[in-house]
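S.K.: Sequence:
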Amino acid sequence: VDGEAAADAGMGDASADVASRGPGGPSFPIPSAAHVGLPNPALYEVRKDVVVDRVTGLHWERFAGDDSTFEAAVAHCQSLRSEGRTDWRLPRRLELVTIVDDTARPTIDAAAFPDTPSAYFWSTSPVVQDEGMVWVVYFGQGLTEYASTRGRLARARCVRGEGLPTGPRFVRVGDVVRDGATGLTWERTSSSPVEHPVAGLLCRDARTGDVFDWRLPTARELQSIVDDARSEPALDPVFAGTPAEGRLWIQ
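Numbers in my numbering are just positions in the sequence shown, counted from 1, shifted up by 490.
Mixed in with the good hints, there may be bad ones.
To be verified - Per label pair, the in silico range of CB-to-CB distance: (1) Arg737 to Val618: 12 to 20 Å; (2) Thr656 to Pro733: 23 to 31 Å; (3) Val526 to Pro733: 25 to 33 Å; (4) Phe553 to Pro727: 37 to 45 Å; (5) Gln568 to Asp620: 32 to 40 Å; (6) Arg705 to Gln568: 37 to 45 Å; (7) Ser682 to Asp577: 45 to 53 Å; (8) Gly736 to Val661: 22 to 30 Å; (9) Asp605 to Pro733: 37 to 45 Å; (10) Gly630 to Ala524: 29 to 37 Å; (11) Gly731 to Arg697: 13 to 21 Å.
Just so you know, these hints were derived from the structure itself, not from any lab. Note that the Cβ used here is the ideal one computed from N, Cα and C, for glycine as well.
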């Protein structure tokens with residue numbers, strides 16, 4: 491969301507404090523910043539050269555590399571042998587977004603990932619209809635942008651683990667959509683453009699689908715429903731009525 495006065499209200503369900511991965515729970519919970527009172531607070535196990543995200547289950551390279559081309563970043567991760575593992579790879583967009591901490595500058599947990607610069611980091615997620623472009627994450631402000639894989643330089647932080655499932659995730663139940671991967675529940679349609687304080691009130695007072703604990707989503711949560719394979723809008727068709735160029739508020 492930019493600094494304009496109005497945007498659409500995007501709404502997520504905060505009914506559980508901590509999601510558990512595996513049978514009976516979401517396969518890819520979306521972390522929130524620690525100590526802000528939202529579901530799935532970030533929890534890291536810090537090792538010598540690896541950070542284990544206890545919320546998503548992903549294993550991260552602890553120290554970021556230098557600026558490099560996209561091809562060099564991919565090759566670096568493919569050749570990494572940290573902790574004796576050979577399945578390291580460059581992350582997808584949402585995987586990289588899960589370690590963004592909007593409460594910090596740079597926007598990352600400095601204890602878990604020390605010396606991370608306010609810089610752009612590569613993902614492997616392509617930009618639809620823009621051949622040769624991929625999504626990058628800027629850890630100076632936690633923004634997601636796109637960049638050319640030809641000639642552009644950015645950093646690499648390798649990852650290993652299953653990440654977000656690629657199969658069907660969403661189940662519509664009346665006017666709500668349940669995401670089986672993240673465990674979040676969403677209103678199926680967005681509101682008309684409103685100012686941010688009004689958006690927060692709309693969510694607080696919503697009773698859609700007999701759910702009573704609606705709230706504005708965090709940036710990471712809202713990013714979780716962005717569909718990299720679609721555009722205008724970049725959303726699964728289950729979210730009918732979302733304007734192609736609309737803006738959705740976050741907390």
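S.K.: Which hints, by number, does the structure contradict?
M.R.: Checked against the structure, the hints that fail are numbers 5 and 10, while the rest are satisfied.
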